[in-house]
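A.B. asks: As a plain string of letters, each chain reads:
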Amino acid sequence: MSQTYRIGRGLVDTNSTIKFAFNDQQYTGHPGDTLSSALLANGIRLVGRSFKYHRPRGIFSAGSEEPNALVELRRGAYQEPNTRATVAELFDGLQARSQNHRGPLGFDFMGVNDLLSPFLSAGFYYKTFMWPKAFWEKLYEPVIRASAGLGSLSGKPDPDSYDKGFLHADVLIVGAGPSGLAAALVAGESGARVILADEDFRPGGRLHAETMLVDDISGEQWVANTLSRLRKMDNVRLMIRTTVYGAFDHGIYGALEKKTDHLASSDGMPRQVLWRIYAKRCIVCAGATERSIAFGNNDRPGIMLAGAVRAYVNRWGVTPGKRVAVFTNNDDGWRTASDLVNQGVEVSAVIDSRDIDAPLSISGASVVMGASVVDTMGRAGIHTIKLSNRQTIKADCLAVSGGWNPNVHLTCHQRGRPEWNESQACFVPGGVLPDGMSVAGAANGALSLSAALSSGIDSASLTLQSLSIKPASVDTPRADDESTRVSAFWHVKESTKRCWIDLQNDVTTKDIVVSHQDGFRAVEHLKRYTTLGMATDQGKTSNVLGLAIMAEHAGKSIQETGTTIFRPPYTPVPMGAFAGRSRGKDFRPTRKTPSHAWAEARGAVFVETGNWLRAQWFPIDGETHWRESVDREVTQTRNSVGICDVSTLGKIDVQGKDAGEFLNRVYANTFATLAVGKVRYGIMLREDGILMDDGTTARLGENHFVMTTTTANAVGVFRHMEFCRQCLWPNLDVQLISATEQWAQFAVAGPNARKLLQKVVDADTPIDNESFPFMACGEISICGGTPGRLFRISFSGELAYEIAVPTRYGNSMMDALIKAGEEFQAVPYGTEALGVMRIEKGHAAGNELNGQTTAANIGLGRMVSKKKDSIGNTLSEREGMNTENDLALVGFMPTNKSVSLSAGAHFVSKGNEANTENDEGWMTSVAYSPSLECSIGLGFIQRGQDRMGDIVIAADPLRGGTTEVEIVSPHFIDPEGERLRG
Amino acid sequence: MIIHHPLLGPRDAAEFVYLGDASLINRPDASADDAAEQFYEYQYLRDNVAGEMRELWYHEQGDRSWLVVTRNTLTHEISKVELARDVARANGRDR
Amino acid sequence: MANITLQATSPLNKYHQQFGDTTLSEMVDLSIYSIGLAIQPDAALRSINDVLGIAWPETGRYTVNESAKVQLLGLQADQAFLLVGADLSKDARPNLGASAYITDQSDSWAALRLSGSMSRRALERICPVDLHPSVFKQDCVTRTSMEHLAVIILCEADDQYLLLSPTSSAESFLHAVETSIKNIY
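One line per chain: the protein sequences are A, B and C, in this order. Under this note's numbering, the first sequence has 784 at position 784, and the numbering climbs by one with no breaks. Just so we're on the same page, this note's numbering is the position in the second sequence counted from 1, plus 982. Just so we're on the same page, this note's numbering is the position in the third sequence counted from 1, plus 1077.
Incorrect hints may have been included.
Just some of the chain B residues that point at chain A, by a computed CB distance under 8 Å [as the list claims (entries may be wrong)]:
#, residue
1, Gly991
2, Tyr1040
3, Ser1047
4, Ala1070
Restricting the straight-line Cα-Cα distance to at most 30 Å, the calculated cross-link-like pairs of lysine-lysine (DSS-like) are [unchecked claim]:
#, chain 1, residue 1, chain 2, residue 2
5, C, Lys1091, A, Lys585
6, C, Lys1146, A, Lys164
7, A, Lys258, C, Lys1091
8, C, Lys1214, A, Lys280
9, A, Lys164, A, Lys322
10, C, Lys1091, C, Lys1214
11, A, Lys585, A, Lys258
12, A, Lys556, A, Lys493
13, A, Lys164, A, Lys755
14, C, Lys1214, A, Lys470
15, A, Lys868, C, Lys1091
16, A, Lys258, A, Lys19
17, B, Lys1062, A, Lys470
18, A, Lys280, B, Lys1062
19, C, Lys1091, A, Lys259
20, A, Lys394, A, Lys258
Hints were generated in silico from the structure; no laboratory data involved. Even for Gly, the Cβ is constructed at its ideal location relative to N, Cα and C.
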């Protein structure tokens, strides 16, 4: 069979033929075809099965509103389910498959659901699967899950790439139909920055589906002329295949541009781009969508919207049937009949629900006024229709028009509600539109071509005036004012068969009645009880029909009944587009330390800490377990010297005549008295008295301090300090700038640290213990003149320094330190050994500063000055945070030295059951201490400081097991601090 | 959302970090006799505004200024944007 | 120790790449200093004028002394970045007296120059700021974020932008800009 339904050229390129496959059958089509037009050209009417009843379904529309013709496109990892065949552009080699059937499309085993339909109506699931309760998990849920959904995913990672972007415009015009093109001409000629976006690959909207003239030339010629004018304007950006899917706050619009969906391969380019458009003004020219009428068996393949039939005939040169009947409640539907006849297609009948004179004469067709279709026959494709006057008529295609609904969606994305227009029988934009938005053309109820064109011109002029741009004078294109008379007609009540409303979710008029009977009468309840409009098409062809029938049942007006809320996206947006580039290693940026290259060459194992990639340990030949490496690094550091890149700590340069006073107020302890050339440890509180951060701050000059923060809190502390500076004490003389990235900083720790450093620090700076004692700091020169800084501070508890050089020298500095340390067998150590040594020394870190603990909890209560006002000091004195039973940070050792401790274990007194009532605290950090040769831990326990030597139980019910532990000093190593002062 | 920065013009709200009620500028005097009570109110008691609210936003990915943004919590309409430092000074905050 | 000297490395190994007529290259050896104004800025503003021959920029603008090859970037109302070109003497830190607070930022930022006809369309994919020449003119500079990274962007000329992003994440930033060009190229 080769395109026997192709009756003309339309706008496809019949000189060129392309091949495609549907359900593994080969067919041909032409460039310019969609998958639907090509399937119809080949006489394919049955394209899928319905969601609930597995009813045979065909193509229903010719655009993005399609509820039925959902297919799986492409194969393998590229497979995409639920693609609307009506918007899938045909390309050579395209492969498509129908969905939602078991067995062949023509005989679906799940079709049995259709016979069970009396049981499957609205609320069935709610009512049926309530009991017995035990059946839910074992039986009901698995069965429902297996039968739910439409298409299937490939199960493989999406091999395509996606991108995002930002665009700015004076005027965004949504839709390049007649009104959008007219508006774009005015805005473009006026010099405004314009974005004109259209979801179709061929801008022009309904002009291509109709045979109407504009300015005495054909619609498509007028579109071509207009586009060529617009393309010459630098200030106009025409975006085809681009759907504006959402209107967000303050003139921000979301748009999805399909870049390569119409090509056989993306060839490495992003398949789609998700745009964030900032538009000062927006003109919605989104057109209108036709709706159906509810009558018996109105879902059969071959039953289509009348406007879609016209589009296939005029734009694609394809007739959906050889003998077509038309059922309409409006004059517009008649044009389908006349266009078909003009193309030589037989029209067997025109049935109009209105008892008026026939608006047109249609040659060869029986015209039945004041009648309706009550039933249809033909399971896999309609062949006969039955009318209310008992007449039966042969037809292999039934074109239905229940009137047109303006596409008001974008006008409602910020909770605006449309208004019912009784004379046009449709909702039009109403109430408060999003700021900066106006609506033109059919979307605003201007349903005739001439009205659409002039409303495009007019709304563009008004929009430009509101931007203080003088509108260029553009003649309104001339067109006939065709008749759009309509008389609301929703439901053929004589039908005894099921009448479909929502084809995609299989909602019938009966479901509406059940919903009403069961008390779910508000539209929002109706929607959820029946699932009307909740499928991927969001009820574009069905919502108004459904709520009109509900209004009839409730005896209310349609305006009173109202609509449900329209939400973005207008049409489905792939998850991949929302993710954009943020996949895999590009999920977030990577920050590397200055000595990263050195560590990599040395074979370091890296760990992610936030965005940072830090060396975790440095394995050497023969080491097979991380603990071997870490134990060696700790032992060698404590016995001789070790070096660690600590550049990730936040560094904030604080300068100004009031810098000391400022630090006095953001730190809980005193800083104004710190001498130049000295470092002090500080703790910072939140205003509620809880610990926020800790670190050391060095005073490099009278008005110059360098603060360090923890790695994780660097950004938050800076933000907090800017808040203090700008909002609390706006007249203090103090300036802040982050210097985290400026300095490569290395901890050099161990008894040989000084000897090592004396080899790299230039001789003009003496660093012996007397000249450069514990907590000294200064600016130095290194390796023959490189400027640097030296701080005598210790996190490990050893004699230790931190040496800093400008970042550009960081990698080389690490190498220099290791080379200078060769005679001491200096080792590089990673974050793991760093952690072990800080636990051995009893320093609090992130696990202890967890946003719930106070200075008193970590044993530093006395540091909170009572002599000055600083952030958090007042509230830290609250009674509730200073009770006898407060948690205290102490050390823990297992009574059985061979047992490992686990962080997160909770403490209970011996003999007490391990439950929440008896909970006395928890283990925060644990490590194997190579120095003590056993597992050690830090943790919070009530009255810890008074319970040294007590034995308690560390219970870890989640991971199993309880451990007896002894409460000990948190300072496992050198509690007097002799080493670091040595 | 778009915040019209008084120095930089319209900027995407994604560049900002939200803190909360602008009353956080009015930090109590710690030397007052009832300082504890005042700090408790300052820290914890907030109006839950349905309508116009003055709130603090920080232009972290911009000029690092703290702003007082007057925003309608029901409609997101922003009617005024000020530099928090100016607001603080106008409120009598000094050193 | 005499026999060890420290070698400097640039954040992006002097990256340079051509994409048609569009060029992306690392700018090395830029000196960058932050200059914070004291709370009473008059003295500082005077000495900036005297020493640098340049006026304090409005926030969002930059001022230039062509002959001295220095630019002053108005990033905050009370803080600006001084950019000093590579061919000046090594220590470019100006002496502005006690009323301006200077911090060396030269090692904090990786600098990329993007120039050529695709520049603006490439940046469109990552930059939320409107770069249209009628809006982001040749004296404009701003800090914003691209692909979760802080970026200072400066319009040097038509279709030519200087981009500064933190050193530690410079490779991620380069990848983001490169991808943006490749995605349209």
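A.B. asks: Need the list of violated hint numbers for this structure, in ascending order.
C.D. replies: 1, 6, 7, 9, 13, 15, 19 and 20
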